[in-house]
Structures are given as C-alpha cells and as structure tokens.
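**Student:** If you're matching positions, the sequence shown starts at 1 in this note's numbering and goes up one per residue.
Calculated from the structure, these hints are not laboratory results.
Derived DEER-like restraints, expressed as beta-carbon distance ranges:
id	residue 1	residue 2	range
1	Gly62	Ser181	35 to 41 Å
2	Thr105	His28	35 to 41 Å
3	Ala115	Tyr155	19 to 25 Å
4	Ala69	Pro162	56 to 62 Å
5	Tyr155	Ser49	52 to 58 Å
6	Glu36	Ala115	37 to 43 Å
7	Ala53	Asp225	37 to 43 Å
8	Ala60	Ala240	28 to 34 Å
9	Ala112	Ala53	30 to 36 Å
Ideal placement from N, C-alpha and C gives every residue a C-beta, glycine not left out.
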Amino acid sequence: MRINPSAEPVTRPLSARSVVLSLLLGAHPPRLPVRELVRLVEPFGVGGSTLRAALSRMVAAGDLRRTDAVYGLSDRLLARQRRQDEAVAPRTRAWDGDWEMVVITATGRGPAERADLRARLTALRLAELREGVWLRPANLARPLPEELAGVALTYTARPDEPAAELVSRLWPLDTWTAEASALLARATGARHPADRLTAYAAVVRHLLTDPVLPPPLLPADWPGDALRAAYAGYQRELAAS
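Given only the sequences and the hints, what does the whole structure look like? Please build it.
**Tutor:** Here it is in structure tokens:
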C-alpha cells in the first residue's frame, strides 16, 4: 500500500483528459454523448474545442471508444472502473480468523514481470510479510485470480502472531487514517467544481489503497466508511447534474 508519508493529501490539477475520465469512470453505464460531455466539462474550465481535441487523442490512445457521437471507456478503463467501484463498495464477508496467504514460487522473472505481479497482489489488497510471502485476513468476498496458480501457491492460514499485531506490521494504518481525514476535510470543504473534482479524484485513489480489514482489526477512528460515503454522494451529484 503506497501512502503519502505526510498527513497532507495530494491532489493533482485535472487536465481535459482527467475531467473526461473522472466523469466516465463515475458514470453507469460509462458512455456519454459528446453534447453531454460539452455541458458537463464546462464548469471545470474545459472549452468545447479543448474537449474535442482531448477526445480525439483519447480515442487514438485507446482510452475511449467512439460510436457515432457517443464516447465510452475502453476495456482497459472498464477494468479500472470495476476496481474503482469495488474500492467504493468492497464486498466483504464475516471474518472467522482465517488469513489468505500467497507464496510466490516462480523464478527467473525480469524486473518488469516482478513489478507487475507486485502491483496485481497489492490491488488484491494483499500485503507483503517478507519477500514472496503475501497475506491478508480472509474477509473479502472474492476468489483469488486463477492466473496466480502459474506463479504462486495459495493457502488458508492461521498465524500464531496476534492478528492486531500482524496487521500493524503489514499496513501503516495511522498514516492511512491521517491522509484519509485530511482528504475528507478538503473534499467536503471544496466549493469550486474543479477543486471538488480534483479532491474527489484523490479520494478514490486513496480508497484503492484501503486494506478493507475486518472491523475488529481497525482503529476506532477509522475513516474508511466516511470517505466512501462522501465519494458516493459526490458520484450521485455528478449523475444528477
């Protein structure tokens, strides 16, 4: 889990591309006609000619698909939307004390392959205990991907170490809490449409790093639910605009 080491949230200025992607990633289904996009991007300071140039570049880059005058997300970005939706509303189950464990067995992989595998395991909300050994409480209602069978062995485990102590070693929960609280304050306090979109884009990136731990293993002041509720409310605003 990559966390900004300070308590100050990181927000990024949004380009025309970022505005379009934010709008489409929050839309269900993720398709909008160009006339609707022109209307929606105007409050963010994006003009019609700038938008159309950005749309052309995004189609050429494989970010978007165009059907007549309707633009929709590509398969790659549809997968990103699914991850984003899961971050906002993760599917969980009651935790009985079991842990998922993934032990990497593949050898001879290059740096790019290793980095890709680490990214995939992190996206599954697993944390690395030591090199090649990844685990998390088994409270997520999702199977591990079948393609892991080619590079790893998977287990259900019951660590001897107390769960709370193991969690504290695997995830920087205090840092995540501090940044989430700062992001929540910035997002709910923003008034200009561009500032709000920028802040909530940072919120959803932060939610993607939430380990989604069982409630007994979370700090009492854990802000994950409040951050999700705020983002879901913002999505509803955009859908109704």
